[in-house]
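Residues per chain are reported as follows:
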Amino acid sequence: MGVSPTAEAVVEVSDLRYAIDGRSIFDGLNLRALRGQVTAVMGPSGTGKTTLLRLLMGAIEPGDGRITVFGEEVARLARPALYGLRRRIGMLFQNGALMSDLSVFENVAFPLRAHTRLPEPLLRRLVLMKLQAVGLRGAADMAPAELSGGMARRVALARAIVMDPELLIYDEPFVGLDPISLGVILRLIQTLNATLGITSIVVTHDVEEISRIAHQSYLLAGGRAAAAGSPAELLRAATPAVNQFMRGLPDGPVPFHVPAPDYRSQLLAVDR
Amino acid sequence: MMRPLVDAIVRMGRIALFLVRVLGQCLPSLRHPRLLLAQIYNAGARSLIIVMLCGLFVGMVLGLQGYDLLQRFGSESALGVAAALGLVRELGPVITALLFAGRAGTSLTSEIGLMRATDQLTAMEMMAVDPVRRVVAPRFLGGIIAMPLLTAIFNIIGIYGAQLIGVGLVGVESGSFWSQMQAQVDHRDINEGLIKSLCFGVACSLMAVYEGFHAEPTAEGVGLATTRTVVSSAVLTLLLDYMLTAAFLNS
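Protein chains in written order, with the numbering used here: chain A, 1 to 272; chain B, 273 to 523.
Hints were generated in silico from the structure; no laboratory data involved.
Some hints could be false.
Beta-carbon label-pair distances, calculated as ranges [claimed, not checked]:
#	chain 1	residue 1	chain 2	residue 2	range
1	B	A288	A	R17	32 to 38 Å
2	B	L496	A	N30	39 to 45 Å
3	A	R125	B	V282	46 to 52 Å
4	B	R293	A	D251	48 to 54 Å
5	B	A288	A	A81	24 to 30 Å
6	A	V175	B	L496	22 to 28 Å
7	B	V507	A	L267	48 to 54 Å
8	A	L123	B	L277	35 to 41 Å
9	A	R125	B	I428	38 to 44 Å
Pulled from the structure, derived: some chain A residues nowhere near chain B, Cβ distances all over 12 Å [stated by the list, open to error]:
#	residue
10	G36
11	R86
12	I89
13	A140
14	P144
15	I169
16	L182
17	E208
18	R212
No residue lacks a Cβ here, since even glycine has one placed at the ideal position from N, Cα and C.
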């Protein structure tokens, strides 16, 4: 594990700066996701993890710095080229984001119908194979509203891989799942990475789960990567911010209390 | 003090830019005629009952009020003309548009807004599918096609409603009711109504898809967007109605 200098970086973020309404989200972020590896991007809520994904996909433009995906600078691409790039990337949304008016089967078939002219029998076989891979071939005719949260996320995963992407991006894949569904998703991420060699970026704050499968982890804090390395290295890290996050301590560099006036004087002032 | 004015102008600009974007995707979206058909059904067939019911009542009211007014001048035989012209040129397009905004417009806005709130639109963009082409354009076109059809149905039912009251209840002669209508209503009146309903169709559908597409991605945001759709559609319809009426009377 760890970073091998010869491996090719599929995603490279260098010196990224980004601000929303004058509030700085990223302030010199550096990050690399290497081909064939699982890269974890961790961080407390509100550190801009989802913003980072939007930047990677070219949905928003960075204030400064460079983001390259497959060697192309995302912010410089015009819409057709950007759409071309996105076809090589699969993305799993936090809540699945399945089309509510399409069946499970049609949801998985959606990218194929939009981008290819495959004959119907071939398309059906492909979709059934992807559904089989996530264990939901039996749910092909169900509507998204009938699925549990874990099942919806597996359907979304089948949809994300149906175009055989080279890069797969997961946005908080473990949030709100029961232990069984969580184990299933975790194993799927690992299997997809190992068998298909898909480069994976997992954005999450579930330290324990992701530490089991990530090759390389980044911890975001203060708009930059506060720490980088294998999960084991991060656990050993001595800096307080990393330590607090990895061990889930309630107080530390990320304070328990929201800034407020003095406690004692505010309580006393209530009477007056 | 100038703030609301500036905001309103900015909003109009955004809506106009969105219209250009939607228009650009209308032709490509026709490659999936099924999507369009589904939306015509959605906007049209599902508004049918309410449009027919309201058409009947409006026609019946026209029968009563028209008769009461016309008999003062001893010209109650003109009731058929009065009702038909009132419906075809004015009440038909306007009331259908208002009903459309309330029934189909709100459902378009909440549907698209919900897709926004549940990341479906973002997901489409990430899958390199333009949601304006796939989601917005068919709904926009469907609304424009449905509106004149609904207006025509409203007019027909309305005229029969007026006949029901005028001829059936208060005793206008059936022959004069229909023959005067036939003699007086010509294609220019029909054209005026048709062009009005097309314009209202564009305005109401545009407001509905715009508000839905730009809704705040929360439950509250979708609710607010739905309200805005009804309000802007109604105001825009009545404003356009005045401008079109003035233009037609001038020509």
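Results of checking the hints against the structure:
no., hint, result
1, B/A288 / A/R17: 32 to 38 Å, "holds, 33 Å"
2, B/L496 / A/N30: 39 to 45 Å, "holds, 40 Å"
3, A/R125 / B/V282: 46 to 52 Å, "holds, 51 Å"
4, B/R293 / A/D251: 48 to 54 Å, "holds, 49 Å"
5, B/A288 / A/A81: 24 to 30 Å, "holds, 27 Å"
6, A/V175 / B/L496: 22 to 28 Å, "holds, 27 Å"
7, B/V507 / A/L267: 48 to 54 Å, "holds, 51 Å"
8, A/L123 / B/L277: 35 to 41 Å, "violated, 53 Å"
9, A/R125 / B/I428: 38 to 44 Å, "violated, 51 Å"
10, G36, "holds, 22 Å"
11, R86, "violated, 4 Å"
12, I89, "violated, 8 Å"
13, A140, "holds, 19 Å"
14, P144, "violated, 9 Å"
15, I169, "violated, 9 Å"
16, L182, "holds, 20 Å"
17, E208, "holds, 26 Å"
18, R212, "holds, 27 Å"
The structure is inconsistent with the numbered hints 8, 9, 11, 12, 14, 15, although it conforms to all the rest.
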